[in-house]
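**Q** Here is what each chain is made of, one letter per residue.
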Amino acid sequence: MTVFDEMIGQQRVVESLREAARGVGMTHAWLFTGPPGSGRSVAAKAFAAALQCAAAEPGCGVCAGCHTVLAGTHADVEFVRPQGLSVGVKEARELVGRAALSPSGRGWQVMVIEDADRLTEGAANVLLKAIEEPAARTVWLLCVPSAEDLVVTIRSRCRVVSLRTPAADDVVAMLQTRDGVDETTAEFAARASAGHVGRARRLATDKAARDRRAAVLRIPSKLSDVGACLDAADALLKSVNAEVAELTTELDEAETASLKEAFGEGGSATGLGRGQSGAAITRGASRAASSALKELEGRQKSRATRTTRDALDRALTDLAGFYRDVLVLQLNAGVDIANTDRATEMQALAENSSPESTLRRLDAILECRVLLDANANPLLTLESLMLRLRDG
Amino acid sequence: MLAPMSTKTKTAAVTVVVGEEELLVERAIAACVAAARAVGGDVRELVATELEPGQLAELTSPSLFGDEPLLVLRDVEQTGKDVADELIAACRAATDAEEARLVLVHRGGARGKALLDAALGVGGRRIDCAKVTKPGERIDFVRAEARAIGATLSDDGARALVDAVGNELRDLAAACAQLGADTDGRIDAAVVARYYRGRAEANGFAVADRAVEGRLGEALEQLRWALAVGTAPVLIASALAQGVRALAKVGSAASRGLRGGDLAREVGLPPWKIDRVKAQLRGWSPAGVAAAVHAAAEADAAVKGGGTDAGYALEKAVLAVVAARDIR
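Quick mapping for you: the protein sequence lines, in order, are chains A and B. Quick note on numbering: the numbering used here labels position 330 of the first sequence as 330, and the sequence is numbered without any gaps. Quick note on numbering: the numbering used here labels position 195 of the second sequence as 195, and the sequence is numbered without any gaps.
Keep in mind that the hints were calculated from the coordinates and are not lab data. Treat the numbers as computed from the prediction; the structure is a model and nothing was measured. Among the hints, erroneous ones may be present.
[As the list claims (entries may be wrong)] The calculated DSSO-like cross-link candidates involving lysine-lysine, where the alpha carbons are at most 27 Å apart (straight line), are:
hint: 1; chain 1: A; residue 1: K301; chain 2: B; residue 2: K304
hint: 2; chain 1: B; residue 1: K81; chain 2: A; residue 2: K260
hint: 3; chain 1: A; residue 1: K222; chain 2: B; residue 2: K278
hint: 4; chain 1: A; residue 1: K294; chain 2: B; residue 2: K304
[Said to hold, decoys possible] Pulled from the structure, derived: some chain A residues nowhere near chain B, Cβ distances all over 10 Å:
hint: 5; residue: L85
hint: 6; residue: V226
hint: 7; residue: G227
hint: 8; residue: A228
hint: 9; residue: C229
hint: 10; residue: L230
hint: 11; residue: R299
hint: 12; residue: R309
hint: 13; residue: N332
hint: 14; residue: L362
hint: 15; residue: N375
hint: 16; residue: A376
hint: 17; residue: N377
hint: 18; residue: R388
hint: 19; residue: R390
hint: 20; residue: D391
From the three backbone atoms N, C-alpha and C, an ideal C-beta is built for every residue, glycine too.
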């Protein structure tokens, strides 16, 4: 077992990362690129573990170094996982400070930024100098879908590692051996997710995710008239919001409660007298508490927006997959179709429409994703999309 | 005409101004302050939340020249318990005073009700300044305003003025004063129309209604007014979307044969709104509605930063919605 086992279908990349961990071709900044689901952050984490590994062959997966990195508790590995919509200048400055420290162990000070495409331009410029000439034992690992997502100045200072979309067979094997999923489910999940490893695992292990996907794929056959399109948009948004509420509500409440407790609200003993000066101090404290609470609410709102967008994006990706298969059928392209479970509907649609209209529908979906990312009203945008999917 | 001092009616020692209508509250306070100043009294005005416990005694004590001051306290419902208790005591103590001693300004509502009741219980004078919400009340208000400045305001003039100037009492009062000063004192609908032409409560919904009814000129005029009075473009875009969405929902539900209560439940709109949408639906085809939805979606994206000029995007959307009405 090694730390690189988690990287599915990336043998060539694994080789070069192993070499680098041994010291051959090691450099101070790495850029992991690859399509969504190809395992950018998994690769970055595995590499970070290999860099902290004490074994002769780096990346043993069992030593204390490997183990603590994989568990996310290693003192010299900083993971930055943006939960909100962006990473700002303030956070970037903190990272620069952290990157200047020497590692506490024998290995490297590793700075991992997952979703580095969420760095604002200002934040990227703040990081630039630290990435270009980091301290002697500091290494940066940045993850982005494609190198173009980062400003060119940062891109040019990194060694690029390109991950590819793993083959369906690799994903099937991974699901079977690691998650113990039966073969049919694994096959289905690997195809339906089109090489997105995380999504495949979710589909294979979570029934709710399968149900949501099935509901999305039923949409195209429901778009009979204008009212039905509006209903479909409404239903899709409601199911996404329910999914998001499930994910975020509990977390939000726990965070709010712990913050309130930290400021002594609801606690019995505040330690302050009821006298004149005591009252003044309490007032000051409650002002600080309410401003901290406001800030937390802002962060939570940003996270909820991001989660909603991600969930909508998943649904739209599934929908695009459906029309992609229809196009495959129409053109007799001779490649596998992904959504085998909806074959009859796709066949019917393929016969009743032209490839041109399928392409227009695909364009509409892509355009809708761009608009949603630009903060357009989700309901209205989806309604417009559904109407365009109906008209072809 | 001032009455001789000896027969002067006793002014209330404690006055409580209750309500949220800012203009009326300010006027009530101003009247109390003016009355106190007229007899040479000292006036101290402050916000009740700034009071520290114990400070009240100092504030209500006589100044160097012997007079006890009139104390105006705002936001009394926000006070903590200590200060509220002191205030109640102060009200009791002030009851027998010859001059006005305390003006308490209370927003109404449940908060700080004990203080309000206590102040009224010891014989405090209550001035109600409840928020004016109904159109009828606004018409009464402008009538009273006109009377106060010695002008005559006809019924249709009052209605036209409220329609044209809007809901803010301060604006209405200013408009009355302006019209009274500019005319010979007789204000009717024609006079109002001459000074306040076109600008009703211009908002996104008016724009949306005119647009889906196919009245292009009026829709654009409303749009310009709405932007000119500072309505956020995002709100106008969203009103337009709601208008178009209502068309689509009611249209498709009605074509499925739904009527009355079933229809209202299905589309989730109140019955009066449905009747209005049904009237607007005349002349629309399903394809036209679809085109209108696209136009609204495009405008929404444009006003949120997708375009460079929100006003242009909205005008384009209004034009597109009106044009969509003719799509067969």
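**Q** Does each hint fit the structure? Answer for all of them.
**A** Each hint, compared with the structure:
With a C-alpha separation of about 18 Å, the suggested pairing of K301 of chain A with K304 of chain B holds against the 27 Å cut-off. Distance restraint check for K81 of chain B and K260 of chain A: the Cα-Cα separation of roughly 23 Å lies within the 27 Å cut-off, and the hinted pair is therefore satisfied. Proximity of K222 of chain A to K278 of chain B is assessed by CA-CA distance (about 25 Å); at most 27 Å being required, the pair is judged to hold. Of the supplied pair hints, the one linking K294 of chain A and K304 of chain B holds, its CA atoms being roughly 24 Å apart against a limit of 27 Å.
Distance to chain B confirms L85 of chain A as a non-interface residue, since its nearest Cβ pair spans about 14 Å, more than 10 Å. Residue placement check: V226 of chain A does not keep its beta carbon more than 10 Å from all beta carbons of chain B (closest about 5 Å). Distance check for G227 of chain A against chain B: the nearest CB is about 2 Å away, which does not clear 10 Å, and the non-interface claim fails. A Cβ of chain B approaches the Cβ of A228 of chain A within 10 Å, the least distance being about 7 Å, so the stated non-interface status is violated.
For C229 of chain A, the requirement that its beta carbon stay farther than 10 Å from each beta carbon of chain B is not met, with the minimum near 8 Å. The claim that L230 of chain A lies off the interface is violated: its Cβ sits roughly 5 Å from the closest Cβ of chain B, which falls inside the 10 Å cut-off. Every CB of chain B is more than 10 Å from the CB of R299 of chain A (nearest about 21 Å), matching its label as outside the interface. No Cβ of chain B approaches the Cβ of R309 of chain A within 10 Å, the least distance being about 14 Å, so the stated non-interface status holds.
With a minimum CB-CB distance of about 32 Å to chain B, N332 of chain A clears the 10 Å threshold, and the non-interface call stands. Every Cβ of chain B is farther than 10 Å from the Cβ of L362 of chain A; the closest lies at roughly 17 Å, confirming the non-interface assignment. Its closest Cβ contact with chain B, about 5 Å, brings N375 of chain A to no more than 10 Å, contrary to its assignment away from the interface. Not every beta carbon of chain B lies more than 10 Å from that of A376 of chain A, the smallest distance being close to 4 Å; the non-interface claim is violated.
The claim that N377 of chain A lies off the interface is violated: its Cβ sits roughly 5 Å from the closest Cβ of chain B, which falls inside the 10 Å cut-off. A cut-off of 10 Å between C-beta atoms contradicts the statement that R388 of chain A is not in contact with chain B; the least separation is 7 Å. For R390 of chain A, the requirement that its beta carbon stay farther than 10 Å from each beta carbon of chain B is not met, with the minimum near 8 Å. The claim that D391 of chain A lies off the interface is violated: its Cβ sits roughly 7 Å from the closest Cβ of chain B, which falls inside the 10 Å cut-off.
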